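S.K.: Following the hints, put chain L in place on chain W, whose structure we already have.
Chains as they are written, first to last, in this note's numbering: chain W, 1 to 273; chain L, 1 to 408.
Keep in mind the hints are simulated off the structure, nothing from the lab. Given the structure is predicted, the values throughout are model-derived calculations rather than measurements. Glycine included, each C-beta is placed from N, C-alpha and C at the ideal position. Fair warning: there could be bad hints in the mix.
Below, a sample of chain W positions facing chain L; criterion: calculated Cβ distance under 7 Å [as the list claims (entries may be wrong)]:
hint: 1; residue: R23
hint: 2; residue: E24
hint: 3; residue: R107
hint: 4; residue: V112
hint: 5; residue: P115
hint: 6; residue: D271
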Amino acid sequence: MNRIIIEPGKTEKNYWLDIWRFRELLFILSWRDIKVRYRQTKLGIAWAILRPMLTMGILLLVFNRFVGLNTPNGQPYAIFVFAAQLPWMFFATALSDASNSIIANERLITKVYFPRIIIPLSSVATSLVDFLISMFLLFGLLAYYGVEPTWRLLMLPVFFLLVLLAAMGAGLFVAALNVQYRDFRYIVPFIVQFGLYLSPVGYSISRVPEAWRPLFSLNPIVGIIDGFRWAITGESVILMQLPFWISIGVIVCFLFLGVYQFRRMERSFADLI
Amino acid sequence: MGNNVIKAENLGKKYQIFHQKKQGANTLGETVAKNIKSVGKRVLGRASTSNFTKEEFWALQDLSFDVNEGDTVGIVGKNGAGKSTLLKIISRITEPSTGRLELSGRVASLLEVGTGFHTELTGRENIYLNGAILGMSQFEIKQKFDEIVDFSGVEQFLDTPVKRYSSGMFVRLAFAVAAHLEPDILVVDEVLAVGDAEFQKKCLGKMDDITRKDGRTILFVSHHLPSIMQLCKKGIYLEKGRLRSSGPIDDIVEDYLSNGVNVDTVFEPLHKDNQLAVGFERIEIVDQEDKPTAEFYYKDKIRLKFHLAIRQVKHPYSLFVMILDSFKRRVFAAETAVLKSETILEIADHFLIRGNYSIHAFIHIPQVIQIDVAEDVCQFSVLDSGSEFSRNGNYDYGVVFGKYEWIN
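Just chain W, with the same shape it has in the complex:
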């Protein structure tokens, strides 16, 4: 029989083991969120297809038709936009859902024990479903425009792992702080809103002056988008260069910061919420 010792301020010894033990709960909570998300909607799961398609349509209209931007290597602009939209939308939904997740599950926090980290992680997992649906759309687009996938596509999981880590790091960080400082309820939508413009979703990174690129890449999504574009369309601007590594560095920092902040605060969630 395992013996648990609880003392003030002492961190759990078998914390990560506990998360493993509660892994089913992680899936169940995401399953709940997915099931509930489209209840009582007329279009139901079709929203998961409509949302990315509409976003792409608008970005295409604005940047390609109105502004007159084109892809450097002559690839269809739709695919160029969609390749960047994949990680961006995943990051944006995962971050907003995760940041609200602890507060939204207040009842669970104050009535039952389980490793709290399960809650924001399950929000991230929920966003994964939208991402997978978007991946199918990508293949549809590739087929529609007659673009042949290359071996580079095999690298996509690596870049996906990066955006997953980025969403987890930022999500954990904000989710924890949001419990005590509800300010983040206002900050996160703001980040998501202007992040779309500060990330090269509708335009190419090559449009950003070279001297600015290291600074620009402090936004971790910049490096990830370059990776996605490279894997899908073959075009890369900063891959394996300094700005790319800056993005990776920011992701790693945020991941550590997020886990650290979350673990530091989670013991007092029930008292603070």
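M.R.: Then chain L, alone, in the frame of chain W:
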């Protein structure tokens, strides 16, 4: 017998109450002010907190006790004695501020019926969801699924969203899931108070089974003394956050009941929440001359004086009062709209028979929300000398004087 499964040493829990802190949605102005404050605090150290009165409140202090494997322990104590805080620490929802707690084995806590139920999901789906939240594996739930459904008796509605359930059905289903938990230590708070009497009995029986057959350990908090006495063999009596006594349940309940009488004819909340739209300020028991009294003759009228703090009157709040007998059974109820900050409930003479009584009162919007509660407060007793029944000595002649006539 058996070995220690719970070992608490000098447990304490401190809460800090900020009097200007607001709960729920903060406005932007407050958020900014709070931010400036927290930045200032970081810059100046701890210097600049004087504007916000901070009060320390010990919900639990110096609490040490052991629980052996297979024990069923009832925890009694008045409101604010720290029972729920203790359960929260044992179920690892909140951490103690001082002391040390050792737990052996899997702990499952049942602090609320239907925690995590999602109203949009069907009964079937909620069984899996709730089970997982309470710590069951999917395999375990699958195995017990039929048993759970059977126990709940909501079989026909399994594929209906829970939001269409009646509250009775909801409670049955929620309890059915919880009753099939098989942890090493089960922690149960006042959850049996909901649901109908027959179902409550079924749940108690099930819990009894669990301990007797499998030697599991149960910690049980309830104001309903008969069910504590039925289920538990040992007791812990908390008073103002400290351990008053522990031992065999009969002794503890006796101590609790004897201590409850003649002590508090006046109730004032331990810490008043200034955020509440309407809250209790003070409840007292007086006689017809407005003198505080704890003893009445059956011929006396009994007055309960409620002082309320009314801060907002946006909603139709109402005051609900129940008179409890010494077994904490509800004798009768009275309700009134909250209009004035002082209101008096007068209990008729020739109504309550001899015995000890207390009050359970709450302020609520009927069927919507309960905003403040005073549980089991203001003990008083009714003496009976000279009534038509008194010549029967100690014979138990009911709860109230009946209103009847013999027609010849």
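S.K.: Hint by hint, note whether the structure agrees.
M.R.: Hint check results:
The beta carbon of W/R23 comes no nearer than 10 Å to any beta carbon in chain L, farther than 7 Å, and the hint placing it at the interface is violated. The interface hint given for W/E24 holds, since its Cβ lies 6 Å from the closest Cβ of chain L, which is under the 7 Å cut-off. A least Cβ separation of about 6 Å between W/R107 and chain L falls short of the 7 Å threshold, and the interface hint therefore holds. Annotation: W/V112 was flagged as interfacial toward chain L, and the flag holds, the nearest CB pair being 6 Å apart, inside 7 Å.
Contact between W/P115 and chain L, as hinted, is not supported at the beta carbon level, the nearest pair being about 10 Å apart and thus beyond 7 Å. The interface hint given for W/D271 holds, since its Cβ lies 6 Å from the closest Cβ of chain L, which is under the 7 Å cut-off.
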